[in-house]
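Peer 1: My request is simple: use the sequences and hints to build the entire structure.
2 protein chains.
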Amino acid sequence: MPLPQHRRADAVVTILDAHGRPLADTDVVVEQRRHAFLFGNIGFDFIALANQEGDAAEPPAFGGASVQTATALADLWLDVFNSATLPFYWGNFERVRGRPDTTRMLTAARWFAERGVVVKGHPLAWHTVCAPWLLDLSTDEIADAQDARIRRDVADFAGVIDTWDVINEVVIMPVFDKEPNGLTRLAWDRGRIPTVRLAFDAARQTNPSATLLLNDFDMSTAYECLIEGVLEAGIRIDAIGLQSHMHQGYWGEEKTLAILDRFARFGLPLHLTETTLVSGDLMPAHIKDLNDHQVASWPSTPEGEVRQADELERHYRTLVGHPAVQAATYWGITDDGAWLGAPAGLVRADGTPKPAYDALRRLVKDEWWLAPTTLRTSSTGRVPVSGFLGTYTVDGTLFELTHDSEVVVRLEG
Amino acid sequence: MPLPQHRRADAVVTILDAHGRPLADTDVVVEQRRHAFLFGNIGFDFIALANQEGDAAEPPAFGGASVQTATALADLWLDVFNSATLPFYWGNFERVRGRPDTTRMLTAARWFAERGVVVKGHPLAWHTVCAPWLLDLSTDEIADAQDARIRRDVADFAGVIDTWDVINEVVIMPVFDKEPNGLTRLAWDRGRIPTVRLAFDAARQTNPSATLLLNDFDMSTAYECLIEGVLEAGIRIDAIGLQSHMHQGYWGEEKTLAILDRFARFGLPLHLTETTLVSGDLMPAHIKDLNDHQVASWPSTPEGEVRQADELERHYRTLVGHPAVQAATYWGITDDGAWLGAPAGLVRADGTPKPAYDALRRLVKDEWWLAPTTLRTSSTGRVPVSGFLGTYTVDGTLFELTHDSEVVVRLEG
Chain A
1 MPLPQHRRAD AVVTILDAHG RPLADTDVVV EQRRHAFLFG NIGFDFIALA
51 NQEGDAAEPP AFGGASVQTA TALADLWLDV FNSATLPFYW GNFERVRGRP
101 DTTRMLTAAR WFAERGVVVK GHPLAWHTVC APWLLDLSTD EIADAQDARI
151 RRDVADFAGV IDTWDVINEV VIMPVFDKEP NGLTRLAWDR GRIPTVRLAF
201 DAARQTNPSA TLLLNDFDMS TAYECLIEGV LEAGIRIDAI GLQSHMHQGY
251 WGEEKTLAIL DRFARFGLPL HLTETTLVSG DLMPAHIKDL NDHQVASWPS
301 TPEGEVRQAD ELERHYRTLV GHPAVQAATY WGITDDGAWL GAPAGLVRAD
351 GTPKPAYDAL RRLVKDEWWL APTTLRTSST GRVPVSGFLG TYTVDGTLFE
401 LTHDSEVVVR LEG
Chain B
1 MPLPQHRRAD AVVTILDAHG RPLADTDVVV EQRRHAFLFG NIGFDFIALA
51 NQEGDAAEPP AFGGASVQTA TALADLWLDV FNSATLPFYW GNFERVRGRP
101 DTTRMLTAAR WFAERGVVVK GHPLAWHTVC APWLLDLSTD EIADAQDARI
151 RRDVADFAGV IDTWDVINEV VIMPVFDKEP NGLTRLAWDR GRIPTVRLAF
201 DAARQTNPSA TLLLNDFDMS TAYECLIEGV LEAGIRIDAI GLQSHMHQGY
251 WGEEKTLAIL DRFARFGLPL HLTETTLVSG DLMPAHIKDL NDHQVASWPS
301 TPEGEVRQAD ELERHYRTLV GHPAVQAATY WGITDDGAWL GAPAGLVRAD
351 GTPKPAYDAL RRLVKDEWWL APTTLRTSST GRVPVSGFLG TYTVDGTLFE
401 LTHDSEVVVR LEG
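Which chain is which? The protein sequence lines are A and B, in order. Under the numbering used here, the first sequence has 218 at position 218, and the numbering climbs by one with no breaks. Under the numbering used here, the second sequence has 269 at position 269, and the numbering climbs by one with no breaks.
Incorrect hints may appear among the rest.
One copy or two, either will do: identical chains are not told apart, so a pair holds if it fits within one copy or between any two.
In silico lysine to aspartate or glutamate, DMTMM-like type, Cα no more than 25 Å apart, as pairs [as the list claims (entries may be wrong)]:
1) K365 <-> D292
2) K255 <-> D189
3) K365 <-> D395
4) K178 <-> D201
5) K288 <-> E311
6) K365 <-> D404
7) K178 <-> D261
8) K288 <-> D10
9) K178 <-> D144
10) K288 <-> D238
11) K365 <-> D144
12) K288 <-> D366
13) K255 <-> D177
14) K178 <-> E141
15) K365 <-> E31
16) K288 <-> E412
17) K288 <-> D147
18) K178 <-> E253
19) K178 <-> E254
20) K365 <-> D136
21) K288 <-> D17
22) K178 <-> D17
23) K178 <-> D292
24) K255 <-> E179
25) K365 <-> D10
26) K365 <-> D25
Treat the hints as calculated values from the structure; they're not laboratory data.
Peer 2: Structure (C-alpha cells):
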C-alpha cells in the first residue's frame, strides 16, 4: 500500500548558509524528526516516573505499570509516539474537594512536553470516575463546580496541555444508570447540549487557542445527532473524538471507513482517541459495558499477538489513509496494569515488545518516515524533499514539511 | 387497575335551562361523547369509501381493505377511535410533479372530520416513499420543492387537517442507504437540524395553530439527542411522535415506561403514533428493517389473538397511565391489506373483530367511559360529574369535562 498522498508533501527546499547565501552543490543530510500526524498513547504509566515516586499503594484503573519497568518502557513509548493522553478523571484528580493533584500532573505533563510530546488532558467532564462529593450538591452547585474545575485546570496547565477532551460520553451521560453521579444529574436536568456548552465555554474562555474535543464511544447515529445539535447550537468544537476500544474484536476496514466517513461529514478533524486491540481472547460480544467483564486472568497468547499485530497495522493504515483523521491514540503501552487486565498493550507485562509494537514502529518510523538521507543541493542551493508531513532537519536545522511546495531553510551557525 | 387520576375530572356542573335559570331538582342524563385522549388508528382503509371508488388496481402498502368490507369496518373503526392518520407519502400523493392527490385526500379527511374525528396527515417529509422525481433535482431544488410541498398541503388542508407528522425518521434520514432518494441527500448535505427547520418553518408559517410533530421509530438515545438539538436550535415542536411497531414482540411495561420517561423529559406531549401488535407469529428478532421481512402467508392464530389482546390492553393501560402521553394511534384496523401482510389488525380479514378489538373497545368505551347516567340536580341546579376527560352531554347539550372543577352548562332550547 503506497503512502497516502494527503499525508505526503513533495517540496523543494532552498538551503541558505548561516550568512543567508544559497548553499550550492553541497551534500546535506535531511532527516525526519516528528510526524505532523499525532500518533498517541496514554501516558498514565509514566506519571510516577516523572514524579520520581514509588509504586502507588493502590494501582490506578488504567496504565498502572510499575515504577521499576517504567524507564525501559518510556524508551519504547517515546520511540513511536508523539502525543500523550494524561488522566484528569475528576474523582481521582480531586478526590477531596479543593485538593487537586495539580503539581504532580503538571510534572508529568512537563516530562512529556520536554521530550517533544504533545500532551492532552482527559477528560474535564465525565459521569464516570466523577468527583464523589458532587453528590452532596444541588444541580446548580454541580454546574458551578464543573465550570470552576474546568477554568482552574485549563488555566493551570495552559502552555503545557493545550488539548483537552473537554467532555466525555455525553450521548449516554443523562441516562447513565450504573452509578449515581453529579454529571448525570446535571445532564438530565439541563440537557446534553447545555452541559456541553457549559464545559466548552469554560475551557474556551480560559484557553482560547486550545484544541477542544468532544469525545464518545457511541459510534451510532446518536453521536451524529448530538454533534449536529452541538454545532447548530453554535458551540465550536475543534475535533471530534472517536473511541475505538476493540476488546470484542477488530472493526475491520469497511466498518471503520464507514464510521470515519459519517463523522467526517461535519468538516472537523477526527481524533481516534482511544484505540484498543487485544492480543488474547476476545471479550464476549454480548457484553455492553466493557467494565462489566471481570476475569481472573486474561493472558496474551502467541496467536493473539499475531492477530493483534495484523489488525493494528490494518487499522492504522485505514486511519492514516483517511484524510479527516488527524490523530490516533492507542490506549495502553503495556499489559502491566492495563485497563480490565486486558492484554491490550503493545508491550508484554514482562517489558518485551509484542509484534504489534514492532508493526506500529515499522509504520511510524520506517514506512512512513524519512530516515537520514544525504542529498546534494543544486547550484542555487535547492534540493527536493519528499516525505510524510512533519518536522525535519537539514544538517541539524529544523524545518516543517507542509503542503507548501517551497521551503527556505537558513542553517544555524 | 383504577382509572388513572390524571385522566379524570371530578367537576360540579351547574345546569341552566334555556332561559338561563338553574335547573333545580331535576333528573338529567349525562353521557360521554368523546375522549380528550386521542385514541387513533390509520384511516387509510376508508379513502376509497369516502370517495365512493372501486378497489384500486394496485393495493397500497398500508391499509388496503377492500371497498366491499369498508362500510362495516368503518362502523367498528368509528365505535372506538377518535383520531385518524391519513397518508401523505409524497411518492404516492404527488407521483407526478404538480399533480397532487389533494381532492381525493380532502374528501377522505372531511369524511372523518364530519364524524367527529381529529385527522392527522402523515408525513410531510420522509426519505421513504419519497417523490421519485426529486432524484433529478439539485439539493437546493430539493429543499425548495420540499418547502413548497409543505406550504401547499398544509394550506390546502387547514381547518380539516391541523395535525401533521411534519418530518419522519430524521435520525436515520441522512444515512439511510436502502434506496436513493432526495430527502437523504438533503439531510446529508445540510444536516438533520436544518432539514427539520426547513420542514417545521414551512408548516408553522402556513398554519400557525397546527399541532406539529417530529416522528421517529428510533427509541434510542439518538432520538433524544436529535430532539435536544432541535429544541436547542429554537425549533418549536408541539409533540414528540414515538412509533412502536411491535411486530417482533411486545415491549412490556418496564421498557415502555422507561421510554416514556426518557422522552417525557423534554416537557412536550408524547404521541404514540404507530402502534402494532401481531396476532400471529412474531417477526424474527434479527430483522432490523421491518420491511425486509417478506413472507408468503402470515396468519392470525387463536393463541396469537389471545396474546395480542392481552398485550394491547396492557400497552394501552401503560400509555393512558403515563401523564405525558396525549395520543396513541394503532397502526391498522384490519388484517385485510395490512402492512407487510402482518396479522396486526384488530379485525380479521373476514371482517370479524379479534379479541384485541373487544379489549380496546371495552377500555375506551366502558372502563374509561361514562355511559348515559341519570343524575338529579340540586336545588341550585348543580350536579357532580366524575369521568374521563373529554366531551359530554347533559340532556343533549355538549360540555367539556376538563380539570376545571366548575362547569356551567346552559341547555339548548
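Peer 1: Please go over all the hints and tell whether each is borne out by the structure.
Peer 2: The hints, checked one at a time:
no., hint, in the structure
1, K365 <-> D292, "neither (37 Å within a copy, 49 Å between copies)"
2, K255 <-> D189, "between (35 Å within a copy, 21 Å between copies)"
3, K365 <-> D395, "within (19 Å within a copy, 91 Å between copies)"
4, K178 <-> D201, "neither (28 Å within a copy, 40 Å between copies)"
5, K288 <-> E311, "within (22 Å within a copy, 28 Å between copies)"
6, K365 <-> D404, "within (23 Å within a copy, 77 Å between copies)"
7, K178 <-> D261, "between (32 Å within a copy, 17 Å between copies)"
8, K288 <-> D10, "neither (46 Å within a copy, 48 Å between copies)"
9, K178 <-> D144, "within (24 Å within a copy, 47 Å between copies)"
10, K288 <-> D238, "neither (29 Å within a copy, 35 Å between copies)"
11, K365 <-> D144, "neither (46 Å within a copy, 52 Å between copies)"
12, K288 <-> D366, "neither (38 Å within a copy, 45 Å between copies)"
13, K255 <-> D177, "between (29 Å within a copy, 14 Å between copies)"
14, K178 <-> E141, "within (22 Å within a copy, 48 Å between copies)"
15, K365 <-> E31, "within (11 Å within a copy, 85 Å between copies)"
16, K288 <-> E412, "neither (56 Å within a copy, 64 Å between copies)"
17, K288 <-> D147, "neither (31 Å within a copy, 42 Å between copies)"
18, K178 <-> E253, "between (32 Å within a copy, 21 Å between copies)"
19, K178 <-> E254, "between (32 Å within a copy, 17 Å between copies)"
20, K365 <-> D136, "neither (50 Å within a copy, 49 Å between copies)"
21, K288 <-> D17, "neither (61 Å within a copy, 67 Å between copies)"
22, K178 <-> D17, "neither (64 Å within a copy, 62 Å between copies)"
23, K178 <-> D292, "within (10 Å within a copy, 35 Å between copies)"
24, K255 <-> E179, "between (31 Å within a copy, 20 Å between copies)"
25, K365 <-> D10, "within (19 Å within a copy, 79 Å between copies)"
26, K365 <-> D25, "neither (29 Å within a copy, 99 Å between copies)"
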